[in-house]
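Using this note's numbering, the letters of the sequence shown correspond one by one to residues 31 to 217.
Hint data in this document are derived by calculation from the structure and do not stem from the laboratory. For glycine and all other residues, C-beta sits at the position ideal for the given N, C-alpha and C. Don't take every hint at face value.
[As the list claims (entries may be wrong)] Quick list of the computed label-pair ranges, beta carbon to beta carbon:
#1 99 to 135: 30 to 36 Å
#2 98 to 68: 43 to 49 Å
#3 46 to 88: 55 to 61 Å
#4 139 to 92: 35 to 41 Å
#5 88 to 189: 41 to 47 Å
#6 158 to 81: 58 to 64 Å
#7 183 to 81: 45 to 51 Å
#8 189 to 142: 38 to 44 Å
#9 83 to 177: 28 to 34 Å
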Amino acid sequence: RTAVRGNPRQRVLSIAAVTCLALLVADRTLLQPLLKSYRGRAQRIRVLEAELNKAQLMAGQAEAWKARLRDFEERALPGDASEAESVLITAVQRWAGTSRLDLTATRPRWTDEEDGKSKVFELRISATGSLEAVARFLYDVETSSMPLRVTNLTVASTSTNPRLLTLTVDVHAVLWNPGTPVAGDAS
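All chains, please: the whole structure from these sequences, using the hints.
Pasting the structure below:
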């Protein structure tokens with residue numbers, strides 16, 4: 031009691047020491063755990079916001095993917111093999127006619143995909159014509175609305191007429207079967 035009643039300087043120092051000790055205890059027992067909890071929650075909020083943004087982006091893209099699928103369905107070859115073959119061969123004949131290319135052979139071939147659910151139609155086309163005719167034909171194939179892929183292309187000049195080119199091209203098309211679920215499809 032004499033220390034507290036004594037010198038005013040000692041009283042101020044004692045009060046300051048007790049206050050510092052109380053603040054230290056409050057910092058260690060209240061403030062630090064609260065700050066740690068706040069930081070953890072702030073980090074969790076950032077993670078959840080990132081996940082939400084990703085989900086919103088994916089939800090926004092769903093309509094675009096559905097539109098692409100509808101577009102693919104409209105442009106794809108039909109699921110019936112003979113009908114698909116007829117559609118592609120007719121298109122090749124039309125492109126050859128507009129480009130003034132002489133078709134010498136068209137050889138269709140069917141292969142099953144590795145997944146066993148879809149078929150690939152390969153059409154080997156052999157033709158002759160001028161450089162302009164070959165270029166126009168290839169342009170028509172590549173810009174066709176049908177989903178086609180050129181997998182093999184050979185252009186050579188003939189020995190009798192160097193202006194006459196021989197074209198051999200393999201065109202692949204996947205048959206669209208709307209009843210077959212796509213890999214990763216939840217339906």
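Results for each hint:
A hinted range of 30 to 36 Å for the beta carbons of residue 99 and residue 135 is consistent with their spacing of about 35 Å. Remark: the range hint 43 to 49 Å for residue 98 to residue 68 is upheld by a beta-carbon distance near 45 Å. Checked against the hint of 55 to 61 Å, the pair residue 46 and residue 88 passes, with Cβ atoms roughly 59 Å apart. As the Cβ distance of residue 139 to residue 92 is approximately 37 Å, the hint placing it in 35 to 41 Å holds.
The hint said 41 to 47 Å for the Cβ distance between residue 88 and residue 189, and at roughly 58 Å that hint is violated. Taking 58 to 64 Å as the suggested C-beta distance range, the pair residue 158 and residue 81 conforms, at roughly 59 Å. The hinted range of 45 to 51 Å is satisfied by residue 183 and residue 81, whose Cβ atoms lie roughly 46 Å apart. The hinted window of 38 to 44 Å between residue 189 and residue 142 holds, with their beta carbons roughly 39 Å apart.
Separation of residue 83 from residue 177 is about 32 Å and conforms to the stated range, judged on CB atoms against 28 to 34 Å.
In this structure, only the earlier hint numbered 5 is contradicted, and the remaining ones agree with it.
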